[in-house]
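Chains as they are written, first to last, in UniProt numbering: chain Z, 1 to 180; chain E, 1 to 180; chain D, 1 to 180; chain R, 1 to 180.
Hints are computed from structural coordinates only; laboratory data are not their basis.
Just so it is clear, the structure is predicted and the values come from calculations on it, not from any experiment.
Warning: the hint list may mix true and false statements.
[Claimed, not checked] Distance windows between CB atoms, simulated: (1) D/Lys178 - Z/Thr134: 56 to 62 Å; (2) D/Arg154 - E/Asn124: 50 to 56 Å; (3) D/Val147 - R/Asn68: 54 to 60 Å; (4) Z/Lys104 - D/Phe165: 43 to 49 Å; (5) E/Met49 - Z/Asn124: 28 to 34 Å; (6) E/Asn124 - Z/Asp53: 19 to 25 Å; (7) Z/Asp25 - D/Glu169: 25 to 31 Å; (8) E/Arg127 - R/Asn68: 52 to 58 Å; (9) E/Met49 - R/Lys8: 55 to 61 Å; (10) Z/Val93 - D/Phe165: 42 to 48 Å.
[As the list claims (entries may be wrong)] Below, a list of computed lysine-lysine pairs in the DSS-like style, where the Cα atoms sit at most 30 Å apart: (11) R/Lys73 - D/Lys80; (12) Z/Lys21 - Z/Lys80; (13) Z/Lys104 - Z/Lys143; (14) Z/Lys143 - Z/Lys101; (15) Z/Lys94 - R/Lys115; (16) Z/Lys7 - D/Lys22; (17) E/Lys100 - Z/Lys94; (18) Z/Lys21 - D/Lys100; (19) D/Lys89 - R/Lys101; (20) E/Lys80 - Z/Lys94; (21) D/Lys94 - R/Lys21; (22) E/Lys100 - Z/Lys115; (23) R/Lys101 - E/Lys21; (24) R/Lys150 - D/Lys104; (25) Z/Lys22 - D/Lys162; (26) R/Lys21 - R/Lys100; (27) R/Lys150 - R/Lys21; (28) D/Lys136 - D/Lys21; (29) Z/Lys21 - D/Lys22; (30) D/Lys151 - D/Lys80; (31) E/Lys178 - Z/Lys104; (32) Z/Lys82 - E/Lys104; (33) Z/Lys104 - E/Lys80; (34) Z/Lys115 - Z/Lys151; (35) R/Lys22 - D/Lys94; (36) D/Lys115 - R/Lys101; (37) D/Lys89 - E/Lys94; (38) D/Lys115 - Z/Lys94; (39) Z/Lys136 - Z/Lys104; (40) E/Lys89 - D/Lys89.
Note that the Cβ used here is the ideal one computed from N, Cα and C, for glycine as well.
There are 4 protein chains.
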Amino acid sequence: MALKLQKKELIFLILQFLHEKKYTDTVHKLERESAVFFNMPYFEEMMHMGQFDEAQHYLLAFTNLKANNYSRKIFFEIRKQKYLEALDKHDDVKALEILKKDLKVFASDNESLFKEMTQLLALNDFREMAPLSTYKDAETARKLLTVELKKLLRANPLIREKLSFPDFEPSRLLELLKKR
Amino acid sequence: MALKLQKKELIFLILQFLHEKKYTDTVHKLERESAVFFNMPYFEEMMHMGQFDEAQHYLLAFTNLKANNYSRKIFFEIRKQKYLEALDKHDDVKALEILKKDLKVFASDNESLFKEMTQLLALNDFREMAPLSTYKDAETARKLLTVELKKLLRANPLIREKLSFPDFEPSRLLELLKKR
Amino acid sequence: MALKLQKKELIFLILQFLHEKKYTDTVHKLERESAVFFNMPYFEEMMHMGQFDEAQHYLLAFTNLKANNYSRKIFFEIRKQKYLEALDKHDDVKALEILKKDLKVFASDNESLFKEMTQLLALNDFREMAPLSTYKDAETARKLLTVELKKLLRANPLIREKLSFPDFEPSRLLELLKKR
Amino acid sequence: MALKLQKKELIFLILQFLHEKKYTDTVHKLERESAVFFNMPYFEEMMHMGQFDEAQHYLLAFTNLKANNYSRKIFFEIRKQKYLEALDKHDDVKALEILKKDLKVFASDNESLFKEMTQLLALNDFREMAPLSTYKDAETARKLLTVELKKLLRANPLIREKLSFPDFEPSRLLELLKKR
Chain Z
1 MALKLQKKEL IFLILQFLHE KKYTDTVHKL ERESAVFFNM PYFEEMMHMG
51 QFDEAQHYLL AFTNLKANNY SRKIFFEIRK QKYLEALDKH DDVKALEILK
101 KDLKVFASDN ESLFKEMTQL LALNDFREMA PLSTYKDAET ARKLLTVELK
151 KLLRANPLIR EKLSFPDFEP SRLLELLKKR
Chain E
1 MALKLQKKEL IFLILQFLHE KKYTDTVHKL ERESAVFFNM PYFEEMMHMG
51 QFDEAQHYLL AFTNLKANNY SRKIFFEIRK QKYLEALDKH DDVKALEILK
101 KDLKVFASDN ESLFKEMTQL LALNDFREMA PLSTYKDAET ARKLLTVELK
151 KLLRANPLIR EKLSFPDFEP SRLLELLKKR
Chain D
1 MALKLQKKEL IFLILQFLHE KKYTDTVHKL ERESAVFFNM PYFEEMMHMG
51 QFDEAQHYLL AFTNLKANNY SRKIFFEIRK QKYLEALDKH DDVKALEILK
101 KDLKVFASDN ESLFKEMTQL LALNDFREMA PLSTYKDAET ARKLLTVELK
151 KLLRANPLIR EKLSFPDFEP SRLLELLKKR
Chain R
1 MALKLQKKEL IFLILQFLHE KKYTDTVHKL ERESAVFFNM PYFEEMMHMG
51 QFDEAQHYLL AFTNLKANNY SRKIFFEIRK QKYLEALDKH DDVKALEILK
101 KDLKVFASDN ESLFKEMTQL LALNDFREMA PLSTYKDAET ARKLLTVELK
151 KLLRANPLIR EKLSFPDFEP SRLLELLKKR
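Make a model of the complete structure from these sequences and hints.
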């Protein structure tokens, strides 16, 4: 009996094959270009490594800043972390660029929050501002943030159905081809 | 009859001599180091040329940021102009440096004003903020500011008595020496 | 009869599928990670766009700077072009970085050539140096260089056998799976 | 009896007065603008402090790069030291700027020397080049250089007659004015 093979199923089979062959970059590119599977461990890894631009680029295959409140919050929080890390490294040039290029877009949602973020530029240490006084270091903050983002991703209707991978036997694509 | 020559009078005589010989840099250095004469035309010229650091350096020979309200206002306004010009040239790095190094010192006097100045960093054009909407260009702003500063200088007790030069005849120092 | 399917053949089938679905980024990542096929049109495109770092990254999946004389020449010429373009844009900082990070490694092969390249830093226009007097602009130079590099790639034993793609019928992978 | 007071003599009298009043900046400005006296200790001090631009600015009141071989050598050696210090601090941007703005002007005198200096840019440490292998640090090099420059200044016909100050009694200018 012929397999009613759908494009989506084939992509999962290819993802499995590429993963088994350890073609990791290709795996993540295909996840992104096909958008059939959101790889949470990969997303977590990018967040822990501070690869915020890569993480956002990956997210953009599945959603965008305006899609819904979950997505908006996710992008905002990633950019805020990127901003805080630039401030903490006293890289004012980069911080100001992030403020204007990445965070300003959220100013219409919450103007007073944006103004508060701008004020941080004038401080020597953003921990002087009350809500940030508990910020320890980049590593700790990234971990706390990732826990938060995982909740938002699982609650996000655009992501939650793309979090599970079919339960294939090993080397399923090769087996299917051999069986002919 | 012996001249009761005082140090201050001799300095004026030397200033006249140096001025007649067109040793202009020396004239202004001596004005600064002796602090017997505040050269208003020279101050105006620096302001019109946008030589804000030089203007402040000159001022510091006669007063300082904390001396009185006139002086405080004078320094604040010069630094604000320097800040606005950096913003207007989109030199964000310099603007942020001016904010933190030059303007932050005034934050304790007027916190809300300092916060407002910080907000300008996040704008593409500071004219978006109401009180600055009439700012034309650097040249015009410098002229308006200089008019304002001249009033503050003339009202400033530390400066106002140093604004007039004795009414010497030409080449007075040489004449005095020849008369012996 | 069972297909004696080999990993390499399957990768070609997957590349065809990804190409048909227009998953272009994934295609090039898989070309790179599997190194079964060198995509000359893609390489040409990167060169024409001046994406020199990406072009080198792609090349490194198939060969390296020391592999043979063809490869050495290919990498040297790409880096030289990158250097000349930085000089031509008067981006001295970048040019000097390219000289020290990218080109210095070839100094042991040809010391006088490296010294000549260093001399270019002190010129206002590298066209002052005789062999470069005919350099027109980046676009023209990239095209001439790409013609040259294609010859070197086709002559390079590490590349030449990876330049052809199997002659599959359309959607070959899906057909094979349906045939079961 | 009337003093046949000449401008030059009066300037020396004023310099003495300013020196006694510790108006040091004014003293050096007047030395510069009048060019009647080359203050060797001041020049040495600038060299020891690494104030190479200030030292050259001072020199330019008395001579210039093309005036004679002594002057040419003096300017070249100061700029070379400035260049070596930038290289030693790995400030490649500044080093390249010095090469192009300050040193290139000497290339016509000695092309091979200029080429050699350019080569230094490509080295990680200029001490790799034989004639510079004994360079210790900035402080030591500045001291050795200053000894050399003092010889060149004393031999330079444009400077050597301006190295001595008249043998005045203390407060000579005030005394002369009182004596009337």
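Checking each numbered hint in turn, tell me which of them this model violates, lowest number first. 9, 11, 12, 15, 18, 21, 23, 24, 26, 28, 31, 35, 38
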